[in-house]
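Note that the protein sequences, when read in sequence, are chains A and B.
Take the first sequence: its position 59, counted from the start at 1, is 404 in this note's numbering, and no numbers get skipped.
Take the second sequence: its position 56, counted from the start at 1, is 65 in this note's numbering, and no numbers get skipped.
If you are wondering where the hints come from, they were derived from the structure by calculation, not from laboratory data.
Source: prediction; values computed, not measured.
Every residue, glycine too, gets a C-beta built ideally from N, C-alpha and C.
It cannot be assumed that every hint is accurate.
List time: in silico DSS-like cross-link candidates among lysine-lysine, alpha-carbon distance up to 27 Å [unchecked claim]:
id : chain 1 : residue 1 : chain 2 : residue 2
1  : B       : Lys14     : A       : Lys502
2  : B       : Lys158    : A       : Lys469
3  : B       : Lys141    : B       : Lys178
4  : B       : Lys78     : A       : Lys466
5  : B       : Lys227    : A       : Lys469
6  : A       : Lys462    : B       : Lys141
7  : A       : Lys526    : B       : Lys227
Partial list, derived from the structure: chain B residues whose beta carbon lies under 8 Å from chain A [to be verified]:
id : residue
8  : Gln76
9  : Gln79
10 : Ser85
11 : Val88
12 : Thr112
13 : Ala114
14 : Asn187
15 : Arg239
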Amino acid sequence: MALDKNGIAKRIAQEVQDGFYVNLGIGIPTLVANYVRDDIEVEFQSENGVLGMGPFPFEGEEDADIINAGKQTITTMPGASFFDSATSFSMIRGKHVDLTILGAMEVAENGDIANWKIPGKMVKGMGGAMDLVASAENIIVAMMHTNKHGESKILKKCSLPLTGVGCVTKVVTNLAVLEVKDNAFYLLERAPGVSVEEIQNATEGNLIVNRQIPEMDI
Amino acid sequence: MINKKVENVQEALKGVKSGMTLMLGGFGLCGIPENAISELVRLNVKEVTCISNNAGVDDFGLGLLLQGKQIKKMISSYVGENDEFERQMLSGELEVELTPQGTLAEKCRAAQAGFPAFYTPAGYGTEVAEGKETREFDGKMYVLEPAFKADFAFVKAWKGDAAGNLIFKGTSRNFNPNMCGAATVTVAEVEELVEVGELDPNNVHIPGIFVQRIFQGKNYEKRIEQRTVRQKQ
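Taking the hints into account, I'd like the entire structure generated from these sequences.
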């Protein structure tokens, strides 16, 4: 069966390793924090200026001066720090953040990503996404494999305006885990109960299946 | 001690005119210069260009200036929470220049630090880089981005003193320190204006040299955009 958003987040959480600094985008990526193993040390960075982000505050303890990049009230963990926006993007651009997890509207087999603009619709802006994808070496995209009309979002070439070029290394969808390299999507794992054929049918880009494909262990 | 203290917001905004380029600190509604924005509404300056990460919401923050059709152009990274903004943008009344958030911060910092421009990888290969100079360093492509030029920077800090020294709180820091000294005149409003000597020099975030005017702010609403909480077990 195809995964729901929490399932995607749960699978991505397995990619988070001990000692990682991690930036989580808005949407499915935010859910990843809920599923990271509790026997490892990880610090979450939010690009508005906090490292060591904690859970939402208890009711009555919200502080208007402590929010995340989604403008939600948050708390901080012991050892947390606050900083200005230029410093925050020094962490990102300077490759000090180990893992970036973000959502996408489309990804292409050459690693291009589109996630900020749909022509003809109100454009809200790219926020920090262009800085994140241009700099990070370890980018995992969390997304649905197809759009609501069943059309593939795992493409040969992005049709929407790009956020970054040749930058995506891994994609986790409701159907599959894909590695992006050598102008192709390498199928690594399939969602429980989802067949390789279903994934092939839902993938427009060059999909390489070069071994027995295990089910995700979630 | 060089005294930067002014008595009130009216004095602090002296010299602000229609057509100017203004920087405003804040991320969403967090850390915005609420007093300066109210005064800009009262002065009713028009045709201003605003450099600010976001554009407020309909009835707060920079949304108040949009209501009065005071803004000619917005330079921001994300503008999603404002219906009047959308209306003015789609009708062509409002010019919008979307800039990657890290580039926006660095364009402020470059102006503060005396760099005319810098190379960044952000936006390479996208429409943000169209018409801009690009260059390869160590096999990777970068886009040349110029520093901002602005007439006034309005920032909000937690504590400050008459020397202009500033300390920020939590994530309300955001773009505020990067905008200090990045415009011809930097105006800081603070929640608490303390006596000179009270701030520990070790803990000052922005030295007073980057600030021309400072005043004690009033009536901070500090509105929360997304109140998210968890229940006690």
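Comparing the hints with the structure gives:
1. Of the supplied pair hints, the one linking Lys14(B) and Lys502(A) is violated, its CA atoms being roughly 57 Å apart against a limit of 27 Å.
2. With a C-alpha separation of about 24 Å, the suggested pair Lys158(B) and Lys469(A) falls inside the 27 Å cut-off, and the hint holds.
3. As the CA atoms of Lys141(B) and Lys178(B) are separated by approximately 36 Å, the hinted pair breaks the 27 Å bound.
4. A distance of roughly 22 Å separates the Cα atoms of Lys78(B) and Lys466(A); the hinted pair therefore holds under the 27 Å criterion.
5. Taking the CA atoms of Lys227(B) and Lys469(A), the gap is near 32 Å; set against the 27 Å cutoff, the hint is violated.
6. With a CA separation close to 20 Å, the supplied pair Lys462(A) and Lys141(B) stays within the 27 Å bound.
7. Distance hint between Lys526(A) and Lys227(B) is unfulfilled; the C-alpha atoms sit about 56 Å from each other, more than 27 Å.
8. A least Cβ separation of about 18 Å between Gln76(B) and chain A goes past the 8 Å threshold, and the interface hint is therefore violated.
9. Violation of the interface hint for Gln79(B) is found here, the shortest Cβ-Cβ separation to chain A being roughly 21 Å, above the 8 Å cut-off.
10. Annotation: interface hint on Ser85(B) holds; nearest CB of chain A at approximately 6 Å, less than 8 Å.
11. Because the beta carbon of Val88(B) sits about 5 Å from the nearest beta carbon in chain A, less than 8 Å, this interface hint is met.
12. Look at Thr112(B): its Cβ gets to within about 7 Å of chain A, closer than 8 Å, so that hint holds up.
13. The restraint placing Ala114(B) at the interface with chain A holds, with a minimum CB-CB distance near 4 Å, inside the 8 Å limit.
14. Annotation: interface hint on Asn187(B) holds; nearest CB of chain A at approximately 5 Å, less than 8 Å.
15. The criterion of a C-beta within 8 Å of any C-beta in chain A is met by Arg239(B), whose closest approach is roughly 5 Å, and the hint holds.
Violated hints, listed in ascending order, are 1, 3, 5, 7, 8, 9; each of the other numbered hints is respected by the structure.
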